[in-house]
Structure formats: structure tokens, C-alpha cells
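Engineer: Okay, here's what each chain looks like letter by letter:
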Amino acid sequence: MYDKVKITSGILAAIILFTFPLWFNIGKTSIPPAPELTTKAKDARFCVLSKKEMRLEHPSLLNEWRNKAVRKGERIYVSHFTGQHHDISLQNTCMNCHSNKSKFCDKCHTYTGVTGGTSPYCWECHLEPEES
Amino acid sequence: MSPGTRGELILSNINKREFLKISGVLLFGLGSGALLEVLSPGEALNAEEYIADPEALKANSWGMVIDLKIVNEKIIARCIKQCHQIHNVPDIPDKKREIKWIWGELFKSVFPDKGFEYFNIRSDLGNKTIPVFCNHCKEPPCVRVCPTKATFKRPDGIVMMDMHRCIGCRFCMAACPYGSRSFNWMDPKPYINDKNMEYPAREKGVVEKCDFCVERIDKGLQPACVEVSEGSFHFGDLNNPESEVVKLLRTRYTIRRKPELGTVPQIYYLI
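Residue numbers (my numbering), protein chains in the order written: chain A, 1267 to 1398; chain B, 3 to 273.
Derived by calculation from the structure, the hints in this document are not laboratory data.
Don't take every hint at face value.
Computed Cβ-Cβ distance ranges for the label pairs, DEER-style [unchecked claim]: (1) A:Glu1397 - B:Arg172: 32 to 38 Å; (2) B:Leu250 - A:Cys1374: 53 to 59 Å; (3) B:Ser34 - A:Leu1283: 54 to 60 Å; (4) A:Gly1379 - B:Gly26: 52 to 58 Å; (5) A:Lys1369 - B:Phe185: 34 to 40 Å; (6) B:Leu250 - A:Pro1301: 52 to 58 Å; (7) A:Val1380 - B:Ser34: 40 to 46 Å; (8) B:Phe185 - A:Ala1300: 40 to 46 Å; (9) B:Gly181 - A:Glu1330: 33 to 39 Å.
Note that beta-carbon positions come from the ideal geometry of N, C-alpha and C, so glycine has one too.
Isolated chain A, as found in the complex (with noise of 0.2 Å):
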């Protein structure tokens, strides 16, 4: 084989290289989101739907949401959880609990890189509370 050194040492930094993110990070623990509930969240004790499936659901709940509200005029929710009837809106209803959207909403969502203008876009047009 021509130019045995070359080659090796050429595979070897490549190597070295492509897994470099993987022995930079070893041993370093990244830290998890806290999102932080409001006293007036945590009185209310449940969300409208569970707290794993708040977790898992609330991006196609907002989306069934705003369909049912806007195109259905539908703006009641009625939840098998608490059997109560929520107001749907998300600056009335979500944000009247979760008024700390940096410390609630920006917490996971900005550890999982869900954020900023592209996606999701919900406060480019809804206004987020004010934060003391």
C-alpha cells in the first residue's frame, strides 16, 4: 500500500474529529429545565388535562384549541379531567396560571431548542404578561 502513513493518520484524525463531541462531553452533566410554577398554578393544583399528558399534549391541544375557537367558535373546552369548563385562550386562560412564561414556557423550551421565531410562533402576535 502507498502511502500507508498518510492514510492512517488521515483516517485516525478524521476519527479523532467526528467524535469529538462525544469524549468532550464525557463526565459533564447538563443540567435539566425546572420550569417553575406561580402560586396561583400550584393553588389550582391540576391544568386542564393531566400533568403528564399537559407534558405530552398541550402542543395539538393549543392547536385544537385555536381551531375549535377561531374557525368553530367553539370556546369552550370542556376537559374529562377536571369536568370543569375552560375558557379557551391562551392569553386569558393558559397565561391567567402560567404568568411567568420566561421561568414556565421558556424554560424546557429553550433547553430543547423549541424556540425563537420559527417555531412556536405563538407570541409574535400574543402578548405575553407583563413580568414584575
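Given chain A's structure and the hints, the job is docking chain B onto it.
Structural biologist: Just chain B now, kept in the frame of chain A:
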């Protein structure tokens, strides 16, 4: 002893009757999970439901009747202020980029073909400022041209905007013969003076217009402009012979904007 021989031992020791008993119990065990799911009351209530507010105002075809004998510039100014404050309509000084849901216009400009027709009856009419906004047409050209169905007609006749779907192509603005629609050339938020936190704003690149205050109607409230119009705006069901607006239409002579275009506007002006 290996597991295989042990299994053989058990099977060889039972008779046919016992075998059937055991398999029956096992089968029941398998099915009981599904049975529980069907019978448990918690699961039966699982159906999520969306309902309209029982207080919501209902009609076959919403429309507005505006009394030109009562309405004046002061009333129009108050309507504009109320509407634009509630709906977070920005106050952009640049006339080319301004956003408006309701505004005042000279009668002779609104009805260019009819301006002189009524001068004999009411000589003041031509230079009178009258309120104009979306006509909520029965045959809305904006809805026909919208490629994303962002603007659509509700069953109760309101021509509504779904801002989530608007891509800002402005076909609707080209189609509307009344100029009722405004385009957001820039982010409107810095130009909203007194923000209403209960209502959203818009973003750069969407079209907006009057939507007959659907968010209020769906809660059982009259449109905002009607409330501050000192009785010059009448909102009601045009498809109900008993409604106040229809009774009003019977009493006086009325005109609509450009009826010859076939858009069937739902705003009537009482002369």
C-alpha cells in the same frame, strides 16, 4: 432438571378436564383487561368536548344598519377609538401603512355613483362623514380568492379572519371592492398605545379587518362600536323578519355600497 422436562411433567400429569379449566381461566384473564377498560366509568367519560358558550348571540345572518340621520363625526371617532383599543389596532402615522378596522369617509366618496341622487332630499349628505368598515358580504370575493382559507365565512354570516393561516398574499385586498382590509407592512406592536391584554395583536405580513367582534358575540355581547354609537348602529339578524334591524329596514329608505357588484353587502345605510 431442565425447564423443558419440568414442563412436560406438569402437562403429562393433568387430565383433559383440568387442562380445559386452566385454559379457560387463562383466557378470561387475557380478556378481562379489555373488559375493565370498557366498563370502568372513568374511561367512559373520556370524550373531550368543545362547546359554544350558551350565552352566545345567535343569528342566521348578521348585519348592521347605520342611521345616517343620527351618526356624526364625534360618534364615529368614539367608535374608532373603542374598536381599535379593544382589538389592539396599531396607530401608524404613515397613511400608506396605516391599519384600520373602522373609519370615516365622505358620503360622496363612499357612494360615488349616488352622491348627487340624494342632494335634493338632503343637501348636507354629500359632504357628511359616514362610518365604513367590512361589509361582511353574503358573496364575499375575499373568501373566494384566499388560497389558504385564512378568511372564511361563518355559518352566521360573519366574514372572519384566521390570523394563524394568513400568509400575507393580499389577494383578499385586491378582491375587496370596499378597501376594508389593511396589511401589516411592519410589526404593529410598537404602535399599539394602550394594549388590551385580553386580545392578541398581529404580526408583520398578515391582513386584518373588522370581524364584527366575533369574540364578543360568542360571549353574548354586542359589537363594541354598536355599544358606543348612541343608537346610530343597529346590529341584528337580517334573516329574521322579527328582528329589530329588519323592522328598521322596513321604515326607511336604505342604500348599500356597490350592490351592482353582486357581493351582497350586509351593511345598510338609512338615508
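Engineer: Please write out, lowest number first, the hints stated earlier that are contradicted by the structure.
Structural biologist: When the structure is compared with the hints, none of them turns out to be violated.
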